[in-house]
Amino acid sequence: MVDPANTKLGRMLLDEITPAVMVLRTPLVEESCRKNGLSLIEMLTPFCNFINIDVPVRTANDQPYRLRKFKLRLFYSAEIRQPNIEVAKERLKQVITHAGDKDITDLCSDAPEIESLIATSEQDFVPSWFPVFNKELIDAVSFSEHEAFDHPVACLVAVSSRDKDPIDKFVDLFNTNQLPSLLNDGAMDPKILKYFLLVHDNQDGMLEKATGILTEMRNTFGANDCRLLCINSSTDDTEEHQENPWAYYKNNASNDQQFGCLLSVDDIEELRNTMQDFSSKHIIPQMELKIRLLNQQVSATRKGFRNQIKNLWWRKGKEDPPENPNSQVYTFSSTEYQIRVLGDYAFMLRDYELALSNYRLISTDYKLDKAWKHYAGVQEMMGLAYFMLDQSRKDAEYCMENAFITYSKLGSAGRRNATRCGIWWAEMLKARDQYKDAAGVYFRISGEEPLHSAVMLEQASYCYLLSTPNMLRKYGFHLVLSGDLYKECDQIKHAIRTYRSALSVFKGTTWSHIRDHVHFHIGKWYALLGMFDEAIKHVLEVLACGHQSEATQELFMRDFFRIIKETGKTFEVLRLQLPIINFPLTKVVFEDHRTYASPAAASIRENVWQSLEEDMVPSLSAVKTNWLESQPKVLPKKYKESNVCVSGVSPMRSMSWAFIGVRSRVVELRREGAEAIKVGVSFKNPLQIPLSVSNISLICEHSVEFEETESDANGSLIDNQNDKELRTVSISGDFSLETSLFTLSEVGISMRRGETILVQLTVTPKIEGILRIVGVRWKLSGSVVGICKFNSDIIRKRVAKGKRKPKQVKDNLHFLVIKSLPRLEGVIHDLPKTVYAGDLRRLTLELRNPSKISVKNLKMRVSHPRFLNLADQEVMDSEFPTCLRKQANSSKSCTEVDVARAANSIFMFPETTTISWEKPLMWPLWFRAAAAGSISLYITIYYEMEDGSMVITYRTLRMHYNLEVLPSLEVSFQTSPCPSRLQEFLVRMDVINRTSAETFQVHQLSCVGDQWDLALLQPVESVCPLEFLMAGQALSCFFKLKKRKTQGSAEDNISSLATSGRADVRLGDDDSRGLFDTTISPLLLFHHHEKVHQERLEKEHGSTVDFILLSESRSDSDAGLPRTKEVFSYHACHCRIASTSPIWWLINGPRSVRHDFSASFCEINLTMTLHNSSEVAVSVRVNTLDSTPLVSLVSSTASSVSGNELGWHDISNLSDLKVTSDVMGTRTGRVTLPPESVSPFIWSGSSSTRLNLDPLSSAEVPLQICVFSPGTFDLSNYTLQWNIVSSNDGGEENGSRVSSGTCQGHSYHITVLQKE
Amino acid sequence: MIVCVAVVGHQNNPLYIQSFTEADDALKLHHIVHCSLDVVDERVNNPKKSGPTLNETFLGLLYPTENYKVYGYLTNTKVKFILVTTDLDVRDADVRNFFRKFHAAYVDAVSNPFHVPGKKITSRTFAERVSTIVKSFGLSSAS
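Residue numbers (the working numbering), protein chains in the order written: chain A, 721 to 2036; chain B, 160 to 302.
Note that these hints are calculated values from the structure, not bench results. Be aware that one or more of the hints could be misleading.
[Stated by the list, open to error] Among chain A residues calculated to face chain B with C-beta under 8 Å, some are:
| # | residue |
| --- | --- |
| 1 | P1189 |
| 2 | M1191 |
| 3 | T1230 |
[Stated by the list, open to error] In silico SDA-like links for lysine to any residue, alpha-carbon gap of 20 Å or less:
| # | chain 1 | residue 1 | chain 2 | residue 2 |
| --- | --- | --- | --- | --- |
| 4 | B | K187 | A | L1275 |
| 5 | B | K278 | B | Y175 |
| 6 | A | K1811 | A | Q1694 |
| 7 | A | K914 | A | P1005 |
| 8 | A | K1227 | B | Q170 |
| 9 | B | K278 | A | P1406 |
| 10 | B | K279 | A | G1228 |
| 11 | B | K278 | A | G1228 |
| 12 | A | K1156 | B | E201 |
| 13 | A | K1227 | B | K278 |
| 14 | A | K1093 | A | G1131 |
| 15 | A | K1156 | B | T224 |
| 16 | B | K278 | A | G1266 |
| 17 | A | K1156 | B | V203 |
| 18 | A | K813 | A | S848 |
| 19 | A | K1257 | A | T1287 |
| 20 | B | K187 | A | T1272 |
| 21 | A | K1227 | B | H169 |
| 22 | B | K279 | A | G1266 |
| 23 | A | K1285 | A | L1249 |
| 24 | B | K279 | B | L233 |
| 25 | B | K279 | A | P1406 |
| 26 | A | K809 | A | R1135 |
| 27 | A | K2035 | A | G1869 |
| 28 | A | K789 | A | N993 |
| 29 | B | K187 | A | S1269 |
| 30 | A | K813 | A | D859 |
| 31 | A | K1227 | B | N171 |
| 32 | B | K294 | B | F261 |
| 33 | B | K187 | A | E1208 |
| 34 | B | K279 | A | S1269 |
| 35 | A | K914 | A | N993 |
| 36 | A | K1156 | B | L220 |
| 37 | B | K187 | A | S1224 |
| 38 | A | K1156 | B | D200 |
| 39 | A | K1227 | B | G277 |
| 40 | B | K187 | A | P1170 |
Remember, it's a predicted structure, so these values are computed and weren't measured experimentally. Quick reminder that beta carbons are idealized off the backbone N, C-alpha and C, glycines included.
Next up, chain A with everything else stripped away, as it sits in the complex (with noise of 0.2 Å):
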């Protein structure tokens, strides 16, 4: 613990409750002093502190102790009294106002960190004015009546020797009635000390007057107490003084005039006797004298059990204490008030253990009194006391409360008071450490003024940061409420740098809330101020906040732009947080040797095109190659360079863009126009309220290089490199979007709260040079101007997710341009949008190339081949439907061709094609929807240029189309092997209109391929009585389908083609048409794409059959317009023809026999022939079977087929047919036969009979049947069960076949009728 009188407060207090002295003086004295720009007290103050008085001091006790440090007070009899409160308060206000403009130039640093903040000590951040504002408030209770240590105990009186009858002056100043109210009411003994200072002004000579008035003075006053004192001897008003005393005293006044210039050192030294002398030997001894005697007194009347007693009963008999407690009711020939001047005469003395046993005397009895001011007053002291002595720290706490508290109650007459009595209160906490108790007295203090509250609140908060723990979050918290005090009494400086520590606290944290709000006001008092900068500075920060209410966002956002305009420039700001950008998803696109013909194409993911380019771009490395050898010298350097920069492999791009230091893209430009970079960049309103963002655009840098040598392009290319130098335009700060370099385009969006835009920002380079895109600048609300730099805060964050190579980040944005180039544009006519399946159109692919450089070499690819195919260029010229048509001289050789180059699937222009300047190229296309479904067409047309001397010698067009699909028709087959004949089938084929609305036609089916041949059924009437399929309806017609025998037998091919017109079926009755031809080049291509397509979802053994199924579509309103019919194709390929079993069996055998029963039984030889049509030997058993699990009699009209009955069914199935068997008449032939009697025939000979089958090859096996009555009989109870034979079997080719299988004989009727 260090000596109380070290401390702050121990400090305070030796020089606050020090003697005081009333200092009386003439007008003249007052003159003469004034020649050194000095007051008479200021003259003498600085002798009135003194260090080392060393004057032996006796009090009470008679052991003497000796004085130190001593200081008188001196004050004008004028200012001996209670200060007026409004002064006082417009002092107060003073120190605060001339505090805060000196802070001024701090508020534009940053405000230092909270931690570093706490380290420092505590003179570093605690604003130094503080201990002049608490000594101002302090001063502000001086001149209370109630306490004895501001009367004065003696009096200076001064009178010039200019005077007339200066002895009389003397007697005239005390007797004035001028004279302070203290001692004119009786609140203090108007008898002091009285001191006679005659003060001689060298300058007007005649010290021999003056010595001579001494003479007098002394005669009359007494010879001590008179003093004559000279001053002004210097000659020159130039006296310097090495250590200027008056300096300290009076540093805030203006420096320019020298203070004491006419007092010489010999004036200086008497001016220093004569306060010395005046305290040790006539203050200090009188106060010694009075406490002695007062003493005396004291103890004669209270000390001692006696008096205490007589004292209480006294006491206790004053009825009625007087009601207004302000009313002087101790005089000072009162008891109390010479405790009281004893105490506090002790107290200045240093003998604190008087002062406190007296105070402690008193205080009772004030409190008996209920004297509360007066009891208030005495408690302070105690605490004080306490304090100094050291002692109890509880007792000097509770009596500094207890002052407190009693001041505080006394309602407005003691405030002033209980505010020095906390600044004491704290200050003593500080003292020891309590600075959290301190600041609690500091926030106690803090009342109903605003400006005294700011103030104390400040203090309390830097006492919450220097206790330990440091209490950070109540630091801030009192900053803030002090701040919010600052402002409403208008001091900002003061709240600005309140708020500003403040800030430190609630930087880093989550409390949003609470930020937003400290910066805000920042923001708002710095505009006030005028210091727009740091306004803008801080509001920007409560920009993006989108956690605060609605209310709030739209608060911050007016006053923000009331901010910018108030400033009345538009401001850049660097990171405008409004709207947000959302990095990753800023996109760069920029044609080099990929160029696009729709935005939407250049939106596809990079991968999808390079698999589509994959075989079709020549490899890169090869493609240098092949201009280095071409023209290896000619080429200029930068070319060689870009070039390099294309391949990405070569070893020389490495050197000699490491000293650029970026890698960098390619970009050409066109003489008439240069194609544009493209930059998509994601704005995201993070607000409830909407934004208006206007001025989008992009920054950028253009560099050109100064290329000197050209000639040495076979030279080092490190020597090269060093000669070139990097001019750097940037157009940042102008608004011109037309630069002589670049061309920027410029968007403006209004976002609704919360929502996220893409906006594409293009630019477009004229020169050739190297570009730059550094980042983007937009306008919010017109007023104020947003920059984001991309390059920096992308790569950071890119690279921080570690998700893709820095190295290909860093070349994101850097990009060279280099001369023009040819680059074609594409468009498909015609492509419709919306089709329905199996649409067949013809459609005409437009290359246009704005180059005067033609290009060669056009190949082509696209993502679908089964929807889009390239023609022939002659169909170009041909009609569209009819060319479909089969003509007279179908040539069939083309059609293998056409095979073997839709494999391919790259479609390669002829040789001869080249597209020069403004000569479109028109090439026919096939276009057929395919299947239903949404589906996106890829195409992508490659070109190389025929100038070989272009830095790019290729580029590719990429296009890009959606389709919607509709289903239209639903096609399906179902094929069964003819019962009655080997090689035939009946095929069914079932129509549904899926659509909605749409009529079709069905016009023709046809069968792929040379050895079908395909009949109707029945003829066409009958198939399709309407004509038209309407939507949703449903058709189904029936074919004969025939194997044609081998190519050998030309007649029977001829005669097939006669009746059926070979492969084809007309099945709509208009004649006038022809057939389609399906052996051309449209419907064949895509019949192949269909191959390929449908054979991944069959996989069958056996044969199979292709159908194509032509119709066309009919307009609902047939009144209307003829339009053009459209061609709809279906193909339905791998038909499966056959069952799952490989073998083809039929039972050859009389129909019907004759036979007279009454002889004998009935015997009748069958026939079955047996057919493999397997690759492999398969063995069959044939199984025949007597009891049959149904046995149906039907007539011998078996085969004819009710006109109701659309088509072919198996008979075994449809049971009810037997009813037409009455109608025959012949007989009923009806034999119901329960299962379990025998029936009507047996099979003879074996039972079962087993053979191999080779491959390919038939068999026949004989059968017979003993009838026993005459009748119709069904013989299909057999079975065959076949096994594949497998010889050389590895077993996984058969894996996913059929091995074995059983099948139910076929029905065969026989009628066996009694001959006659």
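Got chain A; can you put chain B on it based on the hints?
Frame of chain A, contents of chain B only:
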């Protein structure tokens, strides 16, 4: 009446703060809750007092402001619950009871697999439950 309840994470970040007053005093309540964390820290880190109350989660009255009383509660995971009330005579048992229910609600809220620890509690169920608890505060003692 309870004017504010708050959940503060172990890094003194606000997880949930809800006022139950009509007036627009969110900022003030934020400040009060924020300041009370100082007191919580002081209570927790003060070795003198932590002896018998080592496992006590209820921290008691943190500090009385002019119009409010602030109570605190510290969970085992160093998550703080702060209660600001305008009632001047509050029974400790009531507050304890309140915090116990509040703690249960909090545990249920953070047990939600979709809750990210350390992030703000956005569960509507939690908010509803808290408001029910707040409404029932002090009623049980009366009955």
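Here's how the hints hold up against the structure:
no., hint, verdict
1, P1189, "holds (6 Å)"
2, M1191, "holds (4 Å)"
3, T1230, "holds (4 Å)"
4, B:K187 <-> A:L1275, "holds (18 Å)"
5, B:K278 <-> B:Y175, "holds (9 Å)"
6, A:K1811 <-> A:Q1694, "holds (18 Å)"
7, A:K914 <-> A:P1005, "holds (13 Å)"
8, A:K1227 <-> B:Q170, "holds (15 Å)"
9, B:K278 <-> A:P1406, "holds (19 Å)"
10, B:K279 <-> A:G1228, "holds (17 Å)"
11, B:K278 <-> A:G1228, "holds (16 Å)"
12, A:K1156 <-> B:E201, "holds (11 Å)"
13, A:K1227 <-> B:K278, "holds (19 Å)"
14, A:K1093 <-> A:G1131, "holds (11 Å)"
15, A:K1156 <-> B:T224, "holds (15 Å)"
16, B:K278 <-> A:G1266, "holds (16 Å)"
17, A:K1156 <-> B:V203, "holds (17 Å)"
18, A:K813 <-> A:S848, "holds (16 Å)"
19, A:K1257 <-> A:T1287, "holds (13 Å)"
20, B:K187 <-> A:T1272, "holds (15 Å)"
21, A:K1227 <-> B:H169, "holds (18 Å)"
22, B:K279 <-> A:G1266, "holds (15 Å)"
23, A:K1285 <-> A:L1249, "holds (15 Å)"
24, B:K279 <-> B:L233, "holds (18 Å)"
25, B:K279 <-> A:P1406, "holds (18 Å)"
26, A:K809 <-> A:R1135, "holds (13 Å)"
27, A:K2035 <-> A:G1869, "holds (19 Å)"
28, A:K789 <-> A:N993, "holds (16 Å)"
29, B:K187 <-> A:S1269, "holds (16 Å)"
30, A:K813 <-> A:D859, "holds (14 Å)"
31, A:K1227 <-> B:N171, "holds (14 Å)"
32, B:K294 <-> B:F261, "holds (12 Å)"
33, B:K187 <-> A:E1208, "holds (17 Å)"
34, B:K279 <-> A:S1269, "holds (17 Å)"
35, A:K914 <-> A:N993, "holds (18 Å)"
36, A:K1156 <-> B:L220, "holds (17 Å)"
37, B:K187 <-> A:S1224, "holds (19 Å)"
38, A:K1156 <-> B:D200, "holds (14 Å)"
39, A:K1227 <-> B:G277, "holds (19 Å)"
40, B:K187 <-> A:P1170, "holds (18 Å)"
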